[in-house]
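Engineer: Letter by letter, the chains look like this.
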Amino acid sequence: MSKTLQVFMISVTILFSLYVTSTIRRSKVKIDYTFFWIVLSLVMIITSIFPQIGFWGADLFGFVTPFHFVITVAFFFLFYKVFTLSLQMSKMQDSIEKLTQTIALREMKWMEENANTKSKKNLSTQNKSEKTKKKSSQTKK
Amino acid sequence: MKVLIIIPAYNEESNIVRVVTNIHKLLPDYDYVVINDGSLDNTAQVCRNNNFRLIDLPANLGLAGAFQTGMKYAWKNGYDAAIQFDGDGQHRAEYIPELVKQMELTDSDIVIGSRFVSKRKPFTPRMIGSRLLAFLIFCTTGKHLKDPTSGMRLYGHNVIKEYALELNYAPEPDTLAYLLNNGCKISEVQVKMDERQNGKSYLGFLGSYHYMFKQVISIVFVQWFRKPTLLKKKK
Chain A
1 MSKTLQVFMI SVTILFSLYV TSTIRRSKVK IDYTFFWIVL SLVMIITSIF PQIGFWGADL
61 FGFVTPFHFV ITVAFFFLFY KVFTLSLQMS KMQDSIEKLT QTIALREMKW MEENANTKSK
121 KNLSTQNKSE KTKKKSSQTK K
Chain B
1001 MKVLIIIPAY NEESNIVRVV TNIHKLLPDY DYVVINDGSL DNTAQVCRNN NFRLIDLPAN
1061 LGLAGAFQTG MKYAWKNGYD AAIQFDGDGQ HRAEYIPELV KQMELTDSDI VIGSRFVSKR
1121 KPFTPRMIGS RLLAFLIFCT TGKHLKDPTS GMRLYGHNVI KEYALELNYA PEPDTLAYLL
1181 NNGCKISEVQ VKMDERQNGK SYLGFLGSYH YMFKQVISIV FVQWFRKPTL LKKKK
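So the protein lines, in turn, are chains A and B. First residue of the first sequence: 1, per this note's numbering; consecutive thereafter. First residue of the second sequence: 1001, per this note's numbering; consecutive thereafter.
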């Protein structure tokens, strides 16, 4: 591996990890979601400082070049990440649906109760007015 | 001191009545609130039938989200302190006044109801995990916490707002480590806890390993990147 390529790799990985840590600092991201990226950036920094790891892995699994090996590993990593993202998204969508439904149902219940109490109130006031009318008519007599 | 007892409950229909009536009986002056974390069983119905003070979450948020709901309630209603109290009957209500007394005496921001202040830690798998976390917290903060995983904690006025509003304030050991590094004062009181009697814990077997992994990474790496709390700025 040429020196310029290595310097490039190291600076890119360091920039990436700085970006990850700065999002944590600004509390833009939940810590649970950062573990993957922290581990990934650590691995990336280590492999760019010691590219021998790539050569060793390529030898071990029989890849033609270390490049193939790194790309394959990254591919599986991202595969896994995308799938878990789908899982999380399903869960989120489910909870949003649940939330919307519950709010709507509660509002409906509340409106109905309100309507009931209102009509009861109306009835009672009507009764009262009728009674007072009767009373007034009685007194007139 | 005006103290709120926050009781997060997930599928605790068989325990919640016993827990709350016990609080009623032993601590009639304390306010409490049950947070039903979108339970699949009849926890909410049971609470309504018994006229418990209940916040009924329509979806499952997990312990952190449910507890934060309680903290929001405490913050909005101007409580001086809020205590995290399990809905499964593991925690004993009679120790709550001791925690409050400790907070008043030592002016701590957080008081932990610890199982191991004066007692030795047994060598069960869970307690080995607890030892590891305690060791890591000591390494990163220089302070000894005997029982960082205890779920019975009293939070003072200073930290309620942050727990209520900020991101990444789960009621877990990593937050304690982070707060310790920001000049928060944490003390511990010896308490006794019971085994859970019915139902299942939030954490399963695999869940415990996942939990440990997260806590370790968070304590060792992540807390250094987080911004200093409002607490530190005040001081």
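If you are wondering where the hints come from, they were derived from the structure by calculation, not from laboratory data. Hints should not be assumed to be uniformly reliable.
[As the list claims (entries may be wrong)] DSS-like, lysine-lysine: derived pairs with alpha carbons at most 27 Å apart:
#  : chain 1 : residue 1 : chain 2 : residue 2
1  : B       : Lys1072   : A       : Lys81
2  : B       : Lys1072   : A       : Lys28
3  : A       : Lys30     : A       : Lys109
4  : A       : Lys30     : B       : Lys1143
5  : B       : Lys1161   : B       : Lys1143
6  : A       : Lys98     : A       : Lys109
7  : B       : Lys1185   : A       : Lys30
8  : B       : Lys1072   : B       : Lys1185
9  : B       : Lys1227   : A       : Lys30
10 : B       : Lys1101   : B       : Lys1146
11 : A       : Lys30     : B       : Lys1101
12 : B       : Lys1072   : A       : Lys91
13 : A       : Lys121    : A       : Lys109
14 : B       : Lys1072   : B       : Lys1119
15 : B       : Lys1002   : A       : Lys28
16 : B       : Lys1025   : B       : Lys1121
17 : A       : Lys28     : B       : Lys1227
18 : B       : Lys1161   : B       : Lys1146
19 : B       : Lys1185   : B       : Lys1101
20 : B       : Lys1121   : B       : Lys1143
21 : B       : Lys1076   : A       : Lys30
22 : A       : Lys28     : B       : Lys1214
23 : B       : Lys1161   : A       : Lys30
24 : A       : Lys30     : B       : Lys1214
25 : A       : Lys109    : B       : Lys1072
26 : A       : Lys98     : B       : Lys1076
27 : B       : Lys1146   : B       : Lys1192
28 : B       : Lys1121   : B       : Lys1161
29 : B       : Lys1146   : B       : Lys1121
30 : B       : Lys1076   : B       : Lys1101
31 : B       : Lys1002   : B       : Lys1192
32 : A       : Lys28     : B       : Lys1076
33 : B       : Lys1072   : A       : Lys98
34 : B       : Lys1146   : B       : Lys1185
35 : A       : Lys91     : B       : Lys1214
36 : B       : Lys1143   : B       : Lys1119
37 : B       : Lys1101   : B       : Lys1192
38 : A       : Lys28     : A       : Lys121
39 : B       : Lys1002   : B       : Lys1119
All of these numbers come straight from a predicted model, not from anything done at the bench.
Engineer: Against each hint, give a clear statement of whether it holds in the structure.
Structural biologist: A quick look at each hint next to the structure:
1. Lys1072(B) - Lys81(A): 33 Å, violated
2. Lys1072(B) - Lys28(A): 20 Å, holds
3. Lys30(A) - Lys109(A): With Cα atoms ~35 Å apart, Lys30(A) and Lys109(A) exceed 27 Å; violated.
4. Lys30(A) - Lys1143(B): The hint holds at about 26 Å.
5. Lys1161(B) - Lys1143(B): 24 Å, holds
6. Lys98(A) - Lys109(A): 16 Å, holds
7. Lys1185(B) - Lys30(A): Holds: Lys1185(B) and Lys30(A) sit about 25 Å apart, inside 27 Å.
8. Lys1072(B) - Lys1185(B): Given that 27 Å is the threshold and the Cα spacing comes to 22 Å, the pair holds.
9. Lys1227(B) - Lys30(A): Cα-Cα ~14 Å, so holds.
10. Lys1101(B) - Lys1146(B): 19 Å, holds
11. Lys30(A) - Lys1101(B): 34 Å, violated
12. Lys1072(B) - Lys91(A): Holds, at about 24 Å.
13. Lys121(A) - Lys109(A): 18 Å, holds
14. Lys1072(B) - Lys1119(B): Not satisfied, since the Cα-Cα distance of roughly 34 Å exceeds 27 Å.
15. Lys1002(B) - Lys28(A): 33 Å, violated
16. Lys1025(B) - Lys1121(B): 31 Å, violated
17. Lys28(A) - Lys1227(B): 11 Å, holds
18. Lys1161(B) - Lys1146(B): 26 Å, holds
19. Lys1185(B) - Lys1101(B): 15 Å, holds
20. Lys1121(B) - Lys1143(B): 18 Å, holds
21. Lys1076(B) - Lys30(A): OK: Lys1076(B) and Lys30(A) at ~24 Å, within 27 Å.
22. Lys28(A) - Lys1214(B): Satisfied, since the Cα-Cα distance of roughly 18 Å is no more than 27 Å.
23. Lys1161(B) - Lys30(A): Holds, because 18 Å separates the two Cα atoms, which is no more than 27 Å.
24. Lys30(A) - Lys1214(B): 12 Å, holds
25. Lys109(A) - Lys1072(B): Between Lys109(A) and Lys1072(B) the Cα gap is close to 26 Å, so the pair holds against 27 Å.
26. Lys98(A) - Lys1076(B): 26 Å, holds
27. Lys1146(B) - Lys1192(B): Roughly 14 Å between the alpha carbons, so the hint for Lys1146(B) and Lys1192(B) holds.
28. Lys1121(B) - Lys1161(B): 33 Å, violated
29. Lys1146(B) - Lys1121(B): Holds, at roughly 9 Å.
30. Lys1076(B) - Lys1101(B): 23 Å, holds
31. Lys1002(B) - Lys1192(B): Since the Cα atoms of Lys1002(B) and Lys1192(B) sit roughly 24 Å apart, the hinted pair holds (cutoff 27 Å).
32. Lys28(A) - Lys1076(B): 24 Å, holds
33. Lys1072(B) - Lys98(A): 22 Å, holds
34. Lys1146(B) - Lys1185(B): Holds. Lys1146(B) to Lys1185(B) sits at ~14 Å (cutoff 27 Å).
35. Lys91(A) - Lys1214(B): 20 Å, holds
36. Lys1143(B) - Lys1119(B): 19 Å, holds
37. Lys1101(B) - Lys1192(B): 17 Å, holds
38. Lys28(A) - Lys121(A): Violated - the C-alpha atoms of Lys121(A) and Lys28(A) are around 51 Å apart, more than 27 Å.
39. Lys1002(B) - Lys1119(B): 30 Å, violated
Violated hints, listed in ascending order, are 1, 3, 11, 14, 15, 16, 28, 38, 39; each of the other numbered hints is respected by the structure.
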